[in-house]
Amino acid sequence: MITTEPARSRRPVPRAPAAGKLTARLLASEERPSWQERPRAATQGAKGGAITVIVALISIPLYTIVVTSFSTQASINQAGGMVIWPHGLSLGAYQEIVSGGVVGRALLISLGITAVGTCLSMAITILAAYGMSRSGSFGHRTVLWVMLITMFFNGGIIPLFLVVSALGGYDQYWALIAPSAVSVFNVIVMRSFFASTAQDLIDCARIDGAGDWRILWRIVLPTSRAVTAVIALFYAVGYWNSWFNIMLFMPSDSAKWPLQMVLYDYLTQNSQSVEPAAAGFQSAVPTLALQMAVVAITIVPILLVYPFVQKHFTKGVLLGAVKG
Amino acid sequence: MKVVADMSPRMSRRGFLTATAGAASAAAAQPLLAACGGGGGAPAKTGAASTSLLQRILPHYQPSSLVKPDYPSVNGSSPAYLTYPSRLVKTVSEVPGSGGSYTGITPLWGTIPSANNPFDQAVNKALGATVSVSPANGNNYATILPQLFSGNKLPDWIQVPTFWAPPLNFGEAAATRLADLTPYLAGDKVKQYPNLAAIFASGWQAGIWDDKLYGFPSYTAGFNFGYQLYYRADLLDKLGIGTPSVKSMNDLFDLAKEVNDPAAKRWALGDIFGYLYQPFDYPNWMLDDKGHLITQYESPGIIEAMNWMAKAIKAGLVHPDQVAGNYGNGVTEFYSGQMVIVSDGSGAWNAADAQKGQAANKGYKRASFDFFTDSGSGTPRMSLEAATAWTSYLNKRLSPSQIQEILRIGNYLAAPFGSVEYHLLNYGVAGVDYTMTAAGPQLTATGTKYAGSAVSTYNFLVSPNNTVYNAGYPEVTKASAAWGQRNAKYGYQPLFYELNVTVPNSLSNANAFTPFVQAGNNIMYEVARGRATIADYQSTVANWKRNGGNKLKTFYEGVLAQQKKLGSA
Amino acid sequence: MTDAAAPTASRPRANVVGSDSVIIAAADATAGSRRRRWWTRLRRDRTLLIMTLPALVLLAVFGYAPMLGLVMAFQDYDLYDGFLHSPWVGLANFQQLFTDPEFWHSFWNTLALFSVQLALFFPVPIALAILLDSLLSRRLRGVIQAVVTLPHFFSFVLVVTIFNEVFGGAGLLDTFLRSHGVTSPFDFMTDPGTFKFLVTSQLIWKEGGWSTIVYLAALSAISPALYEAAAVDGAGYWRRLRHITLPGLQGITVLLLILNLGYSLTFGFEQMLIQLPAVGPGTAQVITTFSYKNGIVAGNYSYGAAAGLFLGITSVILILGANKVAHLFGEDGLYRK
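Protein chains in written order, with our numbering: chain A, 332 to 655; chain B, 3 to 571; chain C, 3 to 339.
None of these hints come from the bench; they were simulated from the model. It is possible that some hints are incorrect.
BS3-like mimics (lysine-lysine), calculated; alpha carbons at most 30 Å apart, straight line [claimed, not checked]:
#, chain 1, residue 1, chain 2, residue 2
1, B, LYS267, A, LYS587
2, B, LYS214, B, LYS70
3, A, LYS587, B, LYS155
4, B, LYS127, B, LYS240
5, A, LYS378, C, LYS198
6, B, LYS316, B, LYS127
7, C, LYS198, B, LYS267
8, B, LYS127, B, LYS292
9, B, LYS316, C, LYS198
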């Protein structure tokens, strides 16, 4: 069953039996297209069951993470790890993270890098993807292979480090953006979507005298909102999450660290290699609550951004573009 | 989720890298050693060796004792104090720095404090210079070191633990990138820096590479070892066992069986394999009964240790997470009583541990078994680690006047327990970072964030000899210091003790002992879990020997011969 | 974007690109000389090629330049001698690699684990996308989508920890079993036999939701008019699924399959590294962890580079092969034939 923008005929759908205002709002169905059969109760039940299970499988561990982040160290020590039944609660972990001032600044840096990086990457990717997407165009397969090769062959950390530092990138912000500005995977996916744009649209435009830039801007892009949104999301998440580049190029200048590096520091206190405690050494390793608080903080921005991206995945965005 | 950080130099036993076994070296470029250079690498370089040469290079030790310890050092154990001295002594009369500005990188196992925080500012003011240390994540540290060295992006002052030095080909690194401190500190030259002179000579020895002194020592301790065996004294009391008497591996097994109760979510043991080299006595390098040089992996002791561990795991005495190699949660599991007997370094027994443990369990009490032997007869033996593995180095690019300024700063940083300087570095500013209570200085919330973690930062540049003091928990000090005094006599110096050997490039693979050292991913671990047999183990050892191991042994035999000749073996 | 979806519509194959295409195409047909055709096509498509320049420049600097570092594979790389001065050893590293039984063992492990993961994981995001898409309530769909995407942002360390909390020897399941009399309950986390299913379920939990995004985008590109027409013609739900939805997803599915195949040999580093202690290297050692252990950890960068080079070549061959197979089935694959 696929929803669609209001089609010509509407049939009002009976309200779901309200279990509460919230549920009703959540379940409020949209217009079911006229041609769609009414779902059987069994199907609805099965769907509902499947969805409940799926959501539960994810929500329950999420719940443990959140509970642990709000737990006192005592209750964590009592539980011997992650806390399931909350005993002692405290805001300590969150207070500690937020109060340092480190996180605030890191957040701004992350936002900056993500914004700049995503815009840059999208521009480059869209151009490259379109440039390779017309079948029969000169050399497009060669270019594609040239790009593909870089996905599989990788000189490793040290050569990359040497190249970037030779260009003066050590401890610079651009070293966090430029080396990963082009994701060949994203280019290929976008290219594939572009390549399947209705050829007649493009031909019409050509006959009207439009050049490639115009075609890209006026025709291909507007009809590719879904994939553009997806790839932008991929890039944004990539920049937001990346800490590896930071570890390589800015390992010690913590004033310049984006959020992920700061958070990664908290998280990696979970290393698998265990070493015995040194004589006399007072470690201040963060607690489990702190680590879980970090994870919880990571999720919040995603939950905030998501609604804006999702509307690009709805149906019928393309209606009206194809003439007849 | 790892809660406690590490730091014992004993890491060479178990973790990541291995085989420097402290320092050591024969005199440079003896024909024997050069021949062992093998395939085209630099000739075998080793550091200072003969006792006379060593005497000339090492700073002359001048002990200082500001406060009389309640538990004085016995056979090298760390002195312990029950109360904080009421009167602090100023050991550095004038401001050490002259306005210079230096960068540093140290590892940190903890939350990274914000840059240039109030504590840093206070310290820099006292130093009279700007020393901005950027702590880097301790868990990544080994990965960034090669980049920093190969890309020549070293800061002015960098901490490089000796157990992470091998992949860096440190002899060559030191010669090309680091500042030689011998002209400034050798022999009596150290006299102008009394606090530096008060650090044990064995600590300075850890920083000697190729006949030259490069490194500042931190956390120097005379009685330095890898692991000891702890147990939950309060749990044993609750179970009616009281103070256990474990004198042999059989005793240990019986005790474990007695306390093991998985249905009540209590397992007797953690993964204590890393400790077993003590009762079975197999140090990194040793002589077999025919007098030939062998590694620990060829010793009969390690085979017995694996068998014992396998028996314990099979009997269900070991916590499943530890069997699965999920060590991260180990300490929390110890606090919650899911494990009764664990092995850990000496740094685990302190006030922070008592505080965390007691928050979970009112009666929490950590105790430690004395060293014992596998059979129960004979004297226990514990092979010592180098006095320190924490050495920091200066960049070769610094000018002599800069080096001298840093040395004066180092002198301040090395001020011993009971001094004004030590107090500032470890507790911060009164009222802000700590409050003075009847039980001694207690760090405030701000203090734990900055002064607490900064304890590691400045202390990783250079710090005084190790002392034991636990504010508010004198019973912990009593128990751990008494243990130290009792057991230090079992320590002995194994072969190549305190020798920094630079293995030639062609042997560096064998020297990495790859099949044996990765935590949770080595052949002994597999045997203990029944996934490999002793025969598999033997063939792994044979493979290692074939692929450079024999050549490595020949090389070390040469080192040993050198030492004998020079009279320092 | 409806070409791929229409089962009966013919696929337009106008080989007409670039400006002045119609005229040039005609000219091409009558021109004759190959060289002239080559040159005119370049002129005609120069804008398209210019568009790919920024990406190419970046890849040249950050992709190809570091690739020169692969020369390490033929050297006995020393950190201080660098690339220019380290001694040349030719194929010695490769020889050592190919005669190392552990290497081949991890190679087969990689293939085995990957195949199981591929077979079991791949259908999940597609099914989930179709399920979500069929929800009428947009809000509900949005909420669920957001929730199932979240595990993608967890590191594998966290994922394994969570799994351990439930399935580990001291976890919920086993504690429950023990308190009900089972003396030695099955430990899912450490059993080598079921390991492939363990890692697959971890992957599904972590990435299943995230992977639906691309499919949802593809689903949104299928014209509703097709469904309407089919429904009017009497096709029920399942027939519409088989003849419209699945073919509509076919293109992107094949593309993703091929790309994933290319990644197949290098997958699983973090996931396997964490769980090596639990099940042992016999089960969990894959090429990337092998290369890590013998390369970076041991400081033997040459060896790691040799393994990396071998992997790269094999992955390219795999992708080429997969693409050819796709073409055989009439699919576009990576690029149209």
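So, going through the hints one by one against the coordinates:
1. B:LYS267 with A:LYS587: Violated, at roughly 45 Å.
2. B:LYS214 with B:LYS70: The given pair, whose Cα atoms are some 34 Å apart, is violated under the 30 Å limit.
3. A:LYS587 with B:LYS155: 17 Å, holds
4. B:LYS127 with B:LYS240: 52 Å, violated
5. A:LYS378 with C:LYS198: 28 Å, holds
6. B:LYS316 with B:LYS127: 59 Å, violated
7. C:LYS198 with B:LYS267: Judged against 30 Å, a Cα distance of about 28 Å means the pair holds.
8. B:LYS127 with B:LYS292: Given that 30 Å is the threshold and the Cα spacing comes to 61 Å, the pair is violated.
9. B:LYS316 with C:LYS198: 24 Å, holds
Violated hints for the displayed structure, listed by number in ascending order: 1, 2, 4, 6, 8.
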